[in-house]
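For the record, the sequence lines run as chains C and A.
The opening position of the first sequence corresponds to residue 3 in my numbering, with each subsequent residue numbered one higher.
The opening position of the second sequence corresponds to residue 35 in my numbering, with each subsequent residue numbered one higher.
If you are wondering where the hints come from, they were derived from the structure by calculation, not from laboratory data.
Don't take every hint at face value.
[What the hints assert, rightly or not] Derived pair list, reagent style DSBU-like, types lysine-lysine, alpha-carbon separation capped at 30 Å:
| id | chain 1 | residue 1 | chain 2 | residue 2 |
| --- | --- | --- | --- | --- |
| 1 | A | LYS512 | A | LYS179 |
| 2 | A | LYS37 | C | LYS139 |
| 3 | A | LYS179 | C | LYS204 |
| 4 | A | LYS108 | C | LYS307 |
| 5 | A | LYS222 | C | LYS307 |
[Unchecked claim] Pulled from the structure, derived: some chain A residues nowhere near chain C, Cβ distances all over 12 Å:
| id | residue |
| --- | --- |
| 6 | ASN58 |
| 7 | ASN69 |
| 8 | ASP223 |
| 9 | LEU402 |
Ideal Cβ positions, reconstructed from N, Cα and C, are used throughout, including at glycine.
If you want the building blocks of each chain, they are given just below.
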Amino acid sequence: MSVVTNTTTIGAIDAPSRRNTELVLLLFAVFISVFAYANVGLALNGELPSGMLGYGLGLALLGGIGHLAVRRFAPYADPLLLPLATLLNGLGLAIIWRLDQSERFQATPNFAPAASKQLLFSAVGVALLIVVLVALKDHRILQRYTYISMLVALFLLILPMFFPAVNGAKIWIKIPGVGTLQPGEFAKIIIAVFFAGYLMVKRDALALASRRFMGLYLPRGRDLGPILMVWAFSILILVFETDLGSSLLFFGMFVVMLYVATERTSWIVFGLLMSAAGAVGVATFEPHVQQRVTAWLDPFAGWGKLAASEQMAKSLMAFGSGGTLGTGLGQGNSDLIGFAANSDFILATVGEELGLAGMMAVLLVYGLIVERGVRTALAARDPFGKLLAIGLSGSFAIQVFVVAGGVMGLIPLTGMTMPFVAAGGSSVIANWALIGILLRISDTARRPAPAPAPSPDAEMTQVVRP
Amino acid sequence: MNKPLRRIAIFCGLLVLALLVRVNWLQYVRADELNANEHNRRVQIERYAHERGNIIVDGEPVTGSVETKGSDFKYKRVWKNGPMWAPVTGFSSQAFDASQLESIEDGILTGNSDQLFFDRTLSLFTGEKKTGGNIVTTLNSAAQKAAFKGLGDKKGAAAAIDPQTGAILALVSTPSYDPSVFAGNSLKDADARQQLLKDKDKPMLNRALRETYPPGSTFKVVTAAAALENGLYTNIDEATKSPLPWRLPLTSSDLENEGNIPCKNASLREALRWSCNTVFGKMSDDLGNDKMIEEANKFGFNKEIFTPVRADASVYPKDNRPQNAMAGIGQASNRATPLQMAMVAAAIANDGKLMQPYMVADRQAPNLDVIYTHEKEQLSQPLSGENAQKLQEMMQTVVESGTGQNAKIPGVTVGGKTGTAQHGLNNSEKPYAWFISYAKTDSGSPVAVAVVVEDGQANRDDISGGGLAAPIAQAVMKAVIDSKK
Numbered sequence: 003m004s005v006v007t008n009t010t011t012i013g014a015i016d017a018p019s020r021r022n023t024e025l026v027l028l029l030f031a032v033f034i035s036v037f038a039y040a041n042v043g044l045a046l047n048g049e050l051p052s053g054m055l056g057y058g059l060g061l062a063l064l065g066g067i068g069h070l071a072v073r074r075f076a077p078y079a080d081p082l083l084l085p086l087a088t089l090l091n092g093l094g095l096a097i098i099w100r101l102d103q104s105e106r107f108q109a110t111p112n113f114a115p116a117a118s119k120q121l122l123f124s125a126v127g128v129a130l131l132i133v134v135l136v137a138l139k140d141h142r143i144l145q146r147y148t149y150i151s152m153l154v155a156l157f158l159l160i161l162p163m164f165f166p167a168v169n170g171a172k173i174w175i176k177i178p179g180v181g182t183l184q185p186g187e188f189a190k191i192i193i194a195v196f197f198a199g200y201l202m203v204k205r206d207a208l209a210l211a212s213r214r215f216m217g218l219y220l221p222r223g224r225d226l227g228p229i230l231m232v233w234a235f236s237i238l239i240l241v242f243e244t245d246l247g248s249s250l251l252f253f254g255m256f257v258v259m260l261y262v263a264t265e266r267t268s269w270i271v272f273g274l275l276m277s278a279a280g281a282v283g284v285a286t287f288e289p290h291v292q293q294r295v296t297a298w299l300d301p302f303a304g305w306g307k308l309a310a311s312e313q314m315a316k317s318l319m320a321f322g323s324g325g326t327l328g329t330g331l332g333q334g335n336s337d338l339i340g341f342a343a344n345s346d347f348i349l350a351t352v353g354e355e356l357g358l359a360g361m362m363a364v365l366l367v368y369g370l371i372v373e374r375g376v377r378t379a380l381a382a383r384d385p386f387g388k389l390l391a392i393g394l395s396g397s398f399a400i401q402v403f404v405v406a407g408g409v410m411g412l413i414p415l416t417g418m419t420m421p422f423v424a425a426g427g428s429s430v431i432a433n434w435a436l437i438g439i440l441l442r443i444s445d446t447a448r449r450p451a452p453a454p455a456p457s458p459d460a461e462m463t464q465v466v467r468p
Numbered sequence: 035m036n037k038p039l040r041r042i043a044i045f046c047g048l049l050v051l052a053l054l055v056r057v058n059w060l061q062y063v064r065a066d067e068l069n070a071n072e073h074n075r076r077v078q079i080e081r082y083a084h085e086r087g088n089i090i091v092d093g094e095p096v097t098g099s100v101e102t103k104g105s106d107f108k109y110k111r112v113w114k115n116g117p118m119w120a121p122v123t124g125f126s127s128q129a130f131d132a133s134q135l136e137s138i139e140d141g142i143l144t145g146n147s148d149q150l151f152f153d154r155t156l157s158l159f160t161g162e163k164k165t166g167g168n169i170v171t172t173l174n175s176a177a178q179k180a181a182f183k184g185l186g187d188k189k190g191a192a193a194a195i196d197p198q199t200g201a202i203l204a205l206v207s208t209p210s211y212d213p214s215v216f217a218g219n220s221l222k223d224a225d226a227r228q229q230l231l232k233d234k235d236k237p238m239l240n241r242a243l244r245e246t247y248p249p250g251s252t253f254k255v256v257t258a259a260a261a262l263e264n265g266l267y268t269n270i271d272e273a274t275k276s277p278l279p280w281r282l283p284l285t286s287s288d289l290e291n292e293g294n295i296p297c298k299n300a301s302l303r304e305a306l307r308w309s310c311n312t313v314f315g316k317m318s319d320d321l322g323n324d325k326m327i328e329e330a331n332k333f334g335f336n337k338e339i340f341t342p343v344r345a346d347a348s349v350y351p352k353d354n355r356p357q358n359a360m361a362g363i364g365q366a367s368n369r370a371t372p373l374q375m376a377m378v379a380a381a382i383a384n385d386g387k388l389m390q391p392y393m394v395a396d397r398q399a400p401n402l403d404v405i406y407t408h409e410k411e412q413l414s415q416p417l418s419g420e421n422a423q424k425l426q427e428m429m430q431t432v433v434e435s436g437t438g439q440n441a442k443i444p445g446v447t448v449g450g451k452t453g454t455a456q457h458g459l460n461n462s463e464k465p466y467a468w469f470i471s472y473a474k475t476d477s478g479s480p481v482a483v484a485v486v487v488e489d490g491q492a493n494r495d496d497i498s499g500g501g502l503a504a505p506i507a508q509a510v511m512k513a514v515i516d517s518k519k
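Using the sequences and the accompanying hints, generate a full structural model.
Structure, rendered in structure tokens:
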């Protein structure tokens, strides 16, 4: 006679942790990626590729270790983020590996396969994710480093100015023995921390101390200062590093976070006006930017005259040849695009070989990551967490839009990388760290309220067992 | 803070939505346009990515594909006996596009044609390797060989047709070229092509279809057909009331005959046997320009002919009286392709019915299913059966006891007509030697042929047509008859 009776009257109702859901989704993500490898191998050589097991195991190991770390250190974290990122990372690896097999690339003088490096970078990225989960017990700790973050971010952004431009943009730094690094990718996270910390403190002043003018709330001059600074700074990046993408990203992220912090629509209007003014101003005297705009307006008109146009046109033709269902992995000619095919233009390969169907799937996976991030922001209980989460997911969304829109000719091309999918160490590592922070915030947000401390009275009460 | 957060969520959703709309626009709506873009290298890559289908003659392919390394293009076209077949196949080069059959039937040969849609869809599921379909031609390799060998290193062309169906049996142009030498896309290929383009003998010109020559005396059979059809004469053995000398109308010069031949009041049969310029010049003048044009048009003059390879239009133009009289004997502004003159011979041999000439018998899907077969088709009826038989008698006389005796084939009825066409200002250059003929057996005529040799001998004698061109025509006809046995 063992009737289980719940004797507590008040207590935590266990929120489902969803860790098993995450595991199943992870297995699915790894399966899809391995399947992609098999597909490429069969299409190119008629046999399963020898690297399939290695990459498959590597990816499974990364996902598995990430999963265990989440289970142990952030048990209530959002269950979708890790599998979605793993899926994109795995798919990216398969596509980079596929481009490594391209005979056209192999014939170029400086050819070096990128897939194995990318796997290594992914491992570093997942390691960083685990470090974030282990070291960052509570995301609110980051609040303490608001101004240090600002300095670090500034340093990282200015650094590439002292290194030579690569393909027209100064966004790389070269560290002997390590390789090249894009500090902008890391600055993205750090600057979000600064904005979140700054705005949390200043949001009331920004939102309330303002004069009404023509239906808009104009902020006070001293509150306007930081905004003008960021605006000027993003313009400076654009001018000195000819990095359209990063300036758009930082400014967009700042406007989004300002809007969320102050709940004032007028900030968006200011933001749009200022970015428009900056973009037009720079475009009038910066040839690199002008070229991109020309290439965007009519890519085929500049064929044979402008390298940017030709690249853009080749990208459009890659998308076109994919059509609805794609040519099949390994069977397209997206490598015609040339040197950036596995970084900036990797989506063109997705478009050509997986077709419209594959592109929509990939875009929706990105969309899901963004919306899970926004959901994390909604669920977060503290304003700093909310701001940081929206800042990170907002910048992620803008980056996806800017890159994908760029290679598809929706907006001028800016030269950033597709998070997780594109080949590039900095990008993959930074984005895994970004996922780590979002996991941490979502864990805090979804963690059930601790059980109330047992009252001493209750302790004394005798339970009479029948 | 949640209200703006929700709005940002919507904003992010809109960003993704914009990308989704754009990708649909790009990959669904604009896909065809982008694929057809002139800069899209995929079109060329795709064309040479699979083994190209073959052009087949007598059940044997005259083309092939070899795998190449070191370029985007995987397969290269090769030809068996390229110079001989080039006027039929045309070329297909990785760098310089394609021509003639290789170009017109590219869809079938690459396997990309809409006609092969079901075939392609099927092989998508069976996982078969993609290859192109085949083009089965009507050509007769024995006849082609005979014509090519007969022309040898002389400049000229030959065309042979099956009069009963219109099937083209031989199509030769010399000097010729080997399309294999510039089938690739290397510098060597470009040089070889430059060499061919610069050659003053124009080896890449398809003389059988794309060069018009003055047809000379061979055109007299058309003039005779016009005379019979219009009732100018009804009996081929009655006197034609043609004076000798005969003065060209509205001029002060007499039309000359070649040599001292019996042309005064000669009958049609005798006039053709000796090739009397005076008789046929007067006949053309008596009929008038309109009736001559009408009859020439019925034989196929004045319009392009598609076999499906385009043949230039032969010309019998509107003209004044003296010019019309000259055109009636195949001079002045009268010009004809070798194919056209073969059609003239074929229409006469086929009792007056001119069949549409064609050289693609079947198109085959990659799995050898026939997806198209040419149905023979009558193009026109230039003359009645009765008149055609009269002309046949006349032409047979030419071969039996006239200028065309070199075309005789033992045991076979052969009709023909020689021609020596003057050209160059004031007849300054070497004349073209012509011969048109047909052979006839119990079951109708199996072959009609036209041969032109550009660098004829210097003596201005109709015999040169008979001497130079007739033996080639004879060899072609014999090859066809022998291959039917």
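Against the structure, the hints:
1. LYS512(A) to LYS179(A): holds (12 Å)
2. LYS37(A) to LYS139(C): Roughly 28 Å between the alpha carbons, so the hint for LYS37(A) and LYS139(C) holds.
3. LYS179(A) to LYS204(C): The hint is violated at about 95 Å.
4. LYS108(A) to LYS307(C): Holds - the C-alpha atoms of LYS307(C) and LYS108(A) are around 29 Å apart, at most 30 Å.
5. LYS222(A) to LYS307(C): holds (28 Å)
6. ASN58: At about 6 Å from chain C, ASN58(A) fails to clear the 12 Å cut-off, so the statement is violated.
7. ASN69: violated (5 Å)
8. ASP223: holds (19 Å)
9. LEU402: holds (25 Å)
Hint violations for this structure: numbers 3, 6 and 7, all remaining hints satisfied.
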